[in-house]
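In the order they appear, the protein sequences are chains A and B. Numbered per the UniProt record's numbering, the first sequence finishes at 193, counting up by one with no gaps. Numbered per the UniProt record's numbering, the second sequence finishes at 193, counting up by one with no gaps.
Among the clues, some could well be false.
Each pair may be met inside one copy or between any two copies, as identical chains are not told apart.
DSS-like cross-link-like pairs, simulated, lysine-lysine; straight-line CA separation at most 27 Å [what the hints assert, rightly or not]:
#, residue 1, residue 2
1, K82, K112
2, K161, K112
3, K112, K132
4, K161, K132
5, K49, K15
6, K102, K21
7, K82, K132
8, K49, K21
9, K113, K15
10, K15, K82
11, K102, K49
12, K161, K113
13, K102, K82
14, K113, K132
15, K21, K113
16, K82, K21
No lab work stands behind these hints, which were simulated from the structure alone.
Number of protein chains: 2
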Amino acid sequence: MQLLEDRIQREGTVKTADVLKVDAFLNHQCDVALFDAMGEAWAEHFAGKRIDKILTIEASGIGIACCAARHFGNVPVVFAKKAQSINLDGDQYSTTVYSFTKQREFPVIVSKKYLNAGEHVLLIDDFLANGKALHGLIDLCEAAGAVIEGIGIAVEKGFQKGGDELRAEGYDVDSLAIVESMDPQTGRIEFRH
Amino acid sequence: MQLLEDRIQREGTVKTADVLKVDAFLNHQCDVALFDAMGEAWAEHFAGKRIDKILTIEASGIGIACCAARHFGNVPVVFAKKAQSINLDGDQYSTTVYSFTKQREFPVIVSKKYLNAGEHVLLIDDFLANGKALHGLIDLCEAAGAVIEGIGIAVEKGFQKGGDELRAEGYDVDSLAIVESMDPQTGRIEFRH
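With the hints as extra help, turn the sequences into a complete structure.
In structure tokens, the structure reads:
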């Protein structure tokens, strides 16, 4: 998506070989006109698929998912929560996700009321790198018996293995910008096309 | 706002004398058509005010703020982050908020790049009870020298003191539903009009 790639070139910062900061427009300050255009792009990509619900994970996925939902007939958005501890009263699906950023595992939960067997779900998130967070969302959908119709990602780090693994597993992953390489010395960012 | 009050009556649950669950449409599963209508209501209330930016706090405020921003000319949405620890490198404003839900204090931060002196800011959040989270956002705005034009709230617990205190301090608080009383025995919810 040219609009997103241009924005990353202009306002993104390559902090290290692994870390691309896009907090000017994606995950701290949010450009909702951009989010709207992203939703439109996903709606075009996933046209013809039945989407009953969008599932994302707090916090950065929420704004993107809520703006995208308008382009899918205002389907409900559910955000999985990063919990302090897993509540074992049985009213929620839970899994564990390892965060490289935070260097620890954390539980991710969703209420059983809001993810149901047979629902057709689109997963949305801001970043895809190693795929740990998305595999957590997939675990929750599998536990619920929900059908994953596709995965919409804003920025994929193509040089990490998450996206290609998910595609090899058969998921329809639509990443709007795939960073093929980036260089913290020069700041140069190259995209996969 | 009748639409929101009706929805709270229909799908909200009074768990205890203090706890109203609205996770079916507001803060776990999100009804973006409702969020859109809420944004429209705030735009009407704050019409004529200069709003350069919307400031909210993760996680539940984000979706609401992003949907509302469309009604304020697509101004940027910035969400303050609940941090694990305060980064002392000086590039962020930080404050501390006590959470009654979590029974502990946590740091709340915003990058100095995304909150600037002289910016006119609308604060948005899903709930207003004792006002601790909002006072945290106010602290961040004061540190930045930003001007608070108003506060848009989805659900105010009118029987707790946060909203009335903020109004007494001179803030223009627009709560779309103010719960005057609620009863966990009968499930009855009454609104202030």
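Task: Which numbered hints fail - done: When the structure is compared with the hints, numbers 2, 5, 8, 11, 12 turn out to be violated.
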